[in-house]
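Undergrad: The residues making up each chain are set out below.
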Amino acid sequence: MSFRDFFDALLGTGQSDYMGIIIDVRFPRILLAALVGCALAVSGCTMQALFRNPLADPYLLGISSGAAVGASASMLLHLNGIETYILPLFAFLGGAGAVFAVYLIAKGAGRGRIKTETLLLSGIAVGSLLGALTSLMMYVSGMQFRSLFFWLLGGFSGAGWDTVAVACLPILAGVVLLILFARDMNAFLLGEEPAMHLGIDVETVKKVLVCLVALITGVAVAFSGIIGFVGLVIPHAVRLMLGPDHRTLLPASCLVGGSFLIWADVVARSALGSGGTEVPVGIVTALCGAPFFLYLLARGRKW
Amino acid sequence: MVSPNVSIKIQGVAFDYEGVDALSSVTFDIERGRFTGIIGPNGSGKTTLLKCIAGVLAPEKGSVLIEGVDVKGMQRREIARTVGVVPQSAPMDFSFTVRDVVMMGRTPHIDRFSTESKEDAAIAEQAMADTGVANLAERTFDGLSGGEMQRVVIARALAQRPRILLLDEPTLHLDISAQYQILELVRRLNKGRGITVVAVLHDLNLASQYSDGIVLMSGGRVAAIGRTEDVLTPANVRESYGIEVLIERHPITGKLQVVPYQSADRETARAGSGRRVHVICGGGSGAHAIRLLRERGFLVSAGVLNILDTDHDCASMLGVPMVSEAPFSPISDEAHRENLRLIASSDAVLVTDFPVGPGNLRNLEAADAAVIAGSSVVLISEEGAKRDFTGGRAGELLARLKAKAKVARSLDEAVELLRG
Chain E
1 MSFRDFFDAL LGTGQSDYMG IIIDVRFPRI LLAALVGCAL AVSGCTMQAL
51 FRNPLADPYL LGISSGAAVG ASASMLLHLN GIETYILPLF AFLGGAGAVF
101 AVYLIAKGAG RGRIKTETLL LSGIAVGSLL GALTSLMMYV SGMQFRSLFF
151 WLLGGFSGAG WDTVAVACLP ILAGVVLLIL FARDMNAFLL GEEPAMHLGI
201 DVETVKKVLV CLVALITGVA VAFSGIIGFV GLVIPHAVRL MLGPDHRTLL
251 PASCLVGGSF LIWADVVARS ALGSGGTEVP VGIVTALCGA PFFLYLLARG
301 RKW
Chain X
304 MVSPNVSIKI QGVAFDYEGV DALSSVTFDI ERGRFTGIIG PNGSGKTTLL
354 KCIAGVLAPE KGSVLIEGVD VKGMQRREIA RTVGVVPQSA PMDFSFTVRD
404 VVMMGRTPHI DRFSTESKED AAIAEQAMAD TGVANLAERT FDGLSGGEMQ
454 RVVIARALAQ RPRILLLDEP TLHLDISAQY QILELVRRLN KGRGITVVAV
504 LHDLNLASQY SDGIVLMSGG RVAAIGRTED VLTPANVRES YGIEVLIERH
554 PITGKLQVVP YQSADRETAR AGSGRRVHVI CGGGSGAHAI RLLRERGFLV
604 SAGVLNILDT DHDCASMLGV PMVSEAPFSP ISDEAHRENL RLIASSDAVL
654 VTDFPVGPGN LRNLEAADAA VIAGSSVVLI SEEGAKRDFT GGRAGELLAR
704 LKAKAKVARS LDEAVELLRG
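Residue numbers (the numbering used here), protein chains in the order written: chain E, 1 to 303; chain X, 304 to 723.
Please note: incorrect hints may appear among the correct ones.
[Unchecked claim] FRET-style restraints, in silico, Cβ to Cβ:
(1) E:VAL176 to X:GLU419: 16 to 26 Å
(2) X:ARG496 to E:LEU177: 32 to 42 Å
(3) X:GLY371 to E:TYR85: 54 to 64 Å
(4) X:ASN438 to E:LEU177: 34 to 44 Å
Don't read these hints as lab results, they were simulated from the structure. We treat Cβ as the ideally placed atom computed from N, Cα and C, and that holds for glycine.
Please model the complete structure; the sequences and the hints are all you need to start from.
TA: What follows is the structure, encoded as structure tokens:
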């Protein structure tokens with residue numbers, strides 16, 4: 001397809017099959033990539049503020065492993081043949097359920113108060129338990145193995161206008177709400193007690209932030225699988241450029257995360273030529289993200 | 304009804320902090336506009352109390368009223384508009400500028416849906432100017448020195464426009480000049496702006512120097528409260544900290560100073576086994592000996608000492624029985640007789656290497672009399688020191704003493720000889 005074909009299609013004067021590809025395949029795919037990138041980057045920022053740790057990422061609370069369990073279950077039960085929404089629904093419920101469990105465990109351990117350390121550790125524990133469950137299901141799934149594996153690595157091949165329509169509202173609403181908590185997140189970086197001294201109801205804000213992250217990350221994962229490193233690396237890169245103030249960091253991460261995933265998807269689609277197969281976008285993000293992450297670690301400076 | 308002069312009212316506050324640093328039924332008022340120092344040993348509940356006042360911890364029993372309102376019923380934002388807190392320093396992994404950090408102090412005044420106004424910015428600038436960090440505004444917070452960081456944190460608290468400032472060991476980890484600069488700053492804010500200050504302070508001397516009133520905490524209770532003079536007593540400090548201290552006036556500031564000295568453990572206290580030793584000294588030569596002998600378990604008396612003599616001050620602070628003489632006056636007949644009586648009732652006499660003039664020559668005569676009477680006399684003698692200011696008379700007496708008494712080259716040697 002040439003640029004000429006592209007513009008003709010946009011203007012409605014081109015060949016109809018090109019129009020179909022651009023309007024019904026490419027556009028929703030781009031929009032979904034943008035939404036997911038935005039959700040993951042903003043979630044990553046939020047988690048890093050919540051844990052006062054620049055190495056935190058959106059999957060820390062078990063969302064990814066929960067979603068994987070949900071997705072595997074739906075495939076194993078051959079439910080995805082019936083309806084395309086079943087897998088995303090299962091994935092979302094799995095992810096949200098995992099966060100909920102992690103949250104309850106931390107709350108129980110902290111006698112009503114959520115300690116971030118406990119939250120982190122129970123996230124790790126629940127995550128590895130669910131990871132084992134996923135592996136077990138993959139092992140027994142046989143023929144389903146390849147498609148499950150493909151889903152886990154993340155991609156936007158399932159994108160359509162319907163998925164964009166469903167993902168759009170919760171992600172945009174969640175991101176806007178999180179941006180409204182930018183000042184609270186700044187105060188969180190000082191520590192929980194200093195944040196309280198600045199008038200922030202730390203326990204309530206923590207709950208709200210965890211819920212919003214679970215919502216938008218859950219939706220993102222449900223429609224695109226587990227795309228790694230975006231939530232970790234994008235906030236970092238933006239922080240290096242613009243500083244740690246969440247009032248600029250959150251909106252900027254949102255934009256950069258969205259554009260990054262659009263381009264990563266372009267690479268994923270065209271990496272192996274136009275032979276029909278595409279590389280899962282999670283592989284592309286990991287290939288870019290992991291070295292960048294190592295560079296940040298080696299740099300060893302403050303953020 | 305809470306009196307309008309009371310800024311913070313603490314009523315029967317109890318808190319069980321998993322055993323350590325707990326509070327039990329703490330009750331007192333903090334007056335508006337005062338600088339209140341909270342002191343006490345580690346784990347005595349100072350920090351817990353401060354957290355209860357700040358509303359960070361909810362007391363299990365009792366209540367804290369801030370300006371007449373129970374903290375429990377206040378929203379965090381309301382508290383933050385009244386109470387600024389300078390916590391013990393915490394490191395930060397993110398590079399905010401000083402201005403960003405100070406601006407965070409405006410958080411309780413800014414609505415979630417608004418941004419900072421020009422007024423907020425002006426208040427933050429003012430707070431930086433007041434704390435002397437305006438020139439650091441563009442620097443990153445984590446690159447500052449300890450003293451600078453503490454000033455910035457105080458500026459952040461000031462930006463909250465609080466009427467009460469709580470400080471938790473604000474001088475911890477600071478060098479001595481930074482310690483004073485920080486507390487001078489806090490006192491300026493206290494006296495100049497009328498901000499009520501409550502500061503947990505580790506250093507008793509700083510507490511004495513800057514506080515209008517002191518609360519001494521011990522074992523989760525208020526052990527003493529009131530004016531510095533009433534709280535900082537050797538007995539109170541011994542009771543709470545388990546150490547012996549001298550409390551004296553700083554010669555320049557006139558503030559009380561706490562000077563710890565080693566307290567005797569039981570083993571060393573047994574060494575003297577209650578032997579009576581009379582110390583003849585003067586001019587500061589005997590203070591150390593009197594303290595050491597007491598510590599080693601001797602029953603010490605002293606004389607004759609002129610009032611205002613360093614040895615006299617020391618003996619009276621330690622509560623040692625002694626014969627006194629008026630300042631700068633020669634020893635009277637009466638005092639001399641009293642001295643001889645004390646010598647007669649002692650097991651041994653220690654004569655320090657004190658300077659002898661016409662006024663206190665009689666002390667040497669008393670020592671001579673003791674030797675003649677057959678008492679055990681120990682003389683501390685340093686080589687080459689000029690001690691005779693009488694034109695020879697003292698020299699003769701000293702020579703006689705040296706011949707007949709036991710001579711020690713050092714205080715430790717003297718203590719050995721006195722044990723008999």
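Undergrad: So, for every hint listed, does it hold in this structure?
TA: Evaluation of the provided hints:
no. : hint                             : in the structure
1   : E:VAL176 to X:GLU419: 16 to 26 Å : holds, 20 Å
2   : X:ARG496 to E:LEU177: 32 to 42 Å : holds, 38 Å
3   : X:GLY371 to E:TYR85: 54 to 64 Å  : holds, 58 Å
4   : X:ASN438 to E:LEU177: 34 to 44 Å : holds, 39 Å
The structure meets every hint from the earlier list without exception.
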